[in-house]
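All chains, full assembly: derive it from the sequences and hints.
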Amino acid sequence: MLKATQLEYKYKSGPTLTFPSIEIGSGDPLLVLGDSGSGKTTFLQLLAGIRKPIQGQILFEDIPLDKLSDSALDKFRGRNIGIVFQQPYFIDALTVEENIMASYYFSSIKKNEKRGTQLLDRLNILKKAKSRPRQLSVGEQQRVGIALALINSPKLILADEPTSALDDNNAQAVLSLLREEADRLGSALIIVTHDKRLKDNIEQTINL
Amino acid sequence: MNLFSISWKNILHKPTSVVLSLVLFALGVGLIAFLLQVDKQVQQKFENNLAGIDLVVGAKGSPLQLILSSMYHIDAPTGNISLEQARPFLNPQHPLVDLAVPLSLGDSYKGYRIVGTTHDILDLYGIQLPAEMMWQENFEVTAGAGVARKLNLSVGDVFQSSHGFTDDIHSHDQDLKIVGILEPTNTVVDQLLLTTPATFWKMHNHAEDETGRNGDTGHNHNGNNHNHNHEHEHEHNHNHNHDHKHENGNVDSMKSPESIISSASNTFLLQQGGNQEITSLLLTFKGRNFQALNLGRNINENTDMQAASPAIEINRLFSLMDTGTQALNTLALAIVFVSGLSIFLAMLNKLRDRKLELAYMRVKGASRTQVFMLIIFEGLIIAFLGSLLGFLLSYGGLYFLSESMETNYNYSLSAGSFSKAELYLFFSALGLGVIAALIPAIQASKTDISITLEGN
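Chains A and D, in that order, are what the protein sequence lines are.
Under my numbering, think of the first position of the first sequence as 24, with each following residue one higher.
Under my numbering, think of the first position of the second sequence as 382, with each following residue one higher.
Keep in mind that a hint or two might mislead.
Between beta-carbon pairs, the in silico distance windows are [to be verified]:
1. F808(D) <-> D190(A): 54 to 64 Å
2. K395(D) <-> I225(A): 40 to 50 Å
3. Q110(A) <-> N710(D): 47 to 57 Å
Looking from chain D toward chain A, a few residues come up when the C-beta cut is under 8 Å (computed) [stated by the list, open to error]:
4. I387
5. H394
6. Y741
7. G746
8. L779
9. L782
10. I830
11. S831
12. L834
Hints were generated in silico from the structure; no laboratory data involved.
Keep in mind the model is a prediction, meaning the values are calculated, not measured.
Note that the Cβ used here is the ideal one computed from N, Cα and C, for glycine as well.
In structure tokens form, the structure reads like this:
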């Protein structure tokens, strides 16, 4: 589903970063481990189409992401890639429910209220649908963040340090949640983290 | 969910940050709208009341004051002129004058001016009135629609006039009787109580008998000159003026059987003794020929009366007012400019806090244009609400001004319809909102998405 080969990136002042080639399909998650400064954020940005590599190729179901124009990439990202951020982002003025609607709106995907409700229910935050996200607890915010990442049924789920701020139990819960949803959607899941706790749960691991 | 509703909710989410912009915007737009309305309405009022009057003749003094007192009934009269002096103009044979309407001023009832005049004043303002509703005899009064409504007057009511224009310094003993009420005319006549010139003489002329001085302040409640402190004179002359029990021979004559003509006609006035007085004459010309245009100058140079042209004086007044309006307009524009600046700064400030939020929207698939429009809409919404509030303020202000003008001058302003100028103002205000949001919007559209993934 996703194939990234020999990616290289260079910041204006800094060494050229090279990344290992990866190839993943749906239902088999990939764990990208790396310490701070190892370039895992850059790798994630490259995979999300936020930065363009100076070398190498990213193929997403035969679409070369590195060749798309900026605006085409914006649309592609909105429709096909769900990003779970380390600290979740929201449109603060909107309720959880409205944030979901805004996700549909910006990605130009036909809204599906039933799916939203089901997703919130599975993540156990349905009763918070009418609240503003910033009023919720950190754990709840994290789950809303996951809901927002998954609402468009993305083919690729990128998770950036989803568990680093959580205790063992919660980290475990979030991880299984992500795997479960990825399975349900048939999406590819890439988790980028320095959290070594996750190592035992995911077979396919690369180190940066 | 669309851009507009997200913008709207953003504003509602942190209303405190837009309150200042909103208030400033409302003040600026409100002030301009208010000035537009007042300017329009005042000009309309003045023009409605021009009534084709070509020349006003009265006692020497300020020409503007003569116009204001005789045509608009808002200033004190310049003084009186004798009937002798006015006689040539009252003569229907006058080669130049078409209509000559004599006015006697100086008395009022509860702040509304009583005007001693002839029936010609109705022609002047194009008013139709059945004969039985007209003031024919002395002490008969036909009330303007505005006075009648405000003071709740109806036909048959009896009242006593008071001396001067302000309030009951003292009142005359004789009863005035309402014989008719005019339909609303949207002219100054609405605010007047019309009676015969001789009614004034009957109420005032005994002073003449006592003092033997004619045209002096002794009995002339109008005062001779530019007389803003005439109330003082009332005090002084109180005793002279007050004895109304005497009947004067002159005025009695109209009750004699041979005079069937109404005392509210020029024919009647022409029969009266020349030492009687009126305050002024409103003249219309038969034609605007050279002689007619020279009439005013002749009067000013060769008589001790003055003639004033309404067109010239009102233009002068407008240009005086313009200076004031212009100053206020400049102030209002400055406020609007500052409000635009405040929208700009508030948005620029907010943008810093919202960088991540905007980047997040971009990650979710929002285009640069969409993020740009989001900020533009916010500027537009603030401008729209501010203008709305401004127009409400202006109409509220107009209402209060109208109330106070009605109390002080017996003039009222209508709430008025939305004019073209106001429509322009409204759209300019919206335009300003867009311009103020432009730079923040451009910055927003340049938001770097990568910052969303830099947490580690």
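| field | Given hint L779(D) near chain A, where the shortest CB pair must fall under 8 Å | value | violated, 36 Å
| said: Quick check: does the Cβ-Cβ distance between Q110(A) and N710(D) fall within 47 to 57 Å? | reply: Holds, at about 52 Å.
| Would the stated hint for L834(D) survive a check requiring a Cβ distance to chain A of less than 8 Å? | holds, 5 Å
| request: Have a go at the L782(D) hint: is there a Cβ in chain A nearer than 8 Å to its own Cβ? | output: Because about 40 Å separates L782(D) from the closest Cβ in chain A, which is outside the 8 Å limit, the hint is violated.
| Taking the beta carbons of K395(D) and I225(A), is their distance inside 40 to 50 Å? | holds, 41 Å
| Restraint check, 8 Å cut-off on beta carbons, for G746(D) near chain A | holds, 2 Å
| task | Using Cβ atoms only, decide whether S831(D) comes closer than 8 Å to chain A, and label the hint accordingly. | result | This hint holds: S831(D) lies near chain A, its Cβ roughly 5 Å from the closest one there, short of 8 Å.
| message | If I claimed the Cβ atoms of F808(D) and D190(A) lie 54 to 64 Å apart, would that claim hold in this structure? | response | With Cβ atoms ~58 Å apart, the hint holds.
| said: Let's test the interface hint: is any C-beta of chain A closer than 8 Å to that of Y741(D)? | reply: holds, 4 Å
| query | Regarding the hint that H394(D) lies at the interface with chain A, is the smallest CB-CB distance below 8 Å? | reply | holds, 3 Å
| query | Minimum Cβ distance from I830(D) to chain A below 8 Å? | reply | Hint holds; I830(D) Cβ to chain A Cβ min 5 Å, cut 8 Å.
| Can we keep the I387(D) interface hint, with Cβ of chain A closer than 8 Å? | This interface hint holds because 6 Å falls under the 8 Å limit.
Checked against the numbered hints given earlier, the structure breaks hints 8, 9 and satisfies all the rest.
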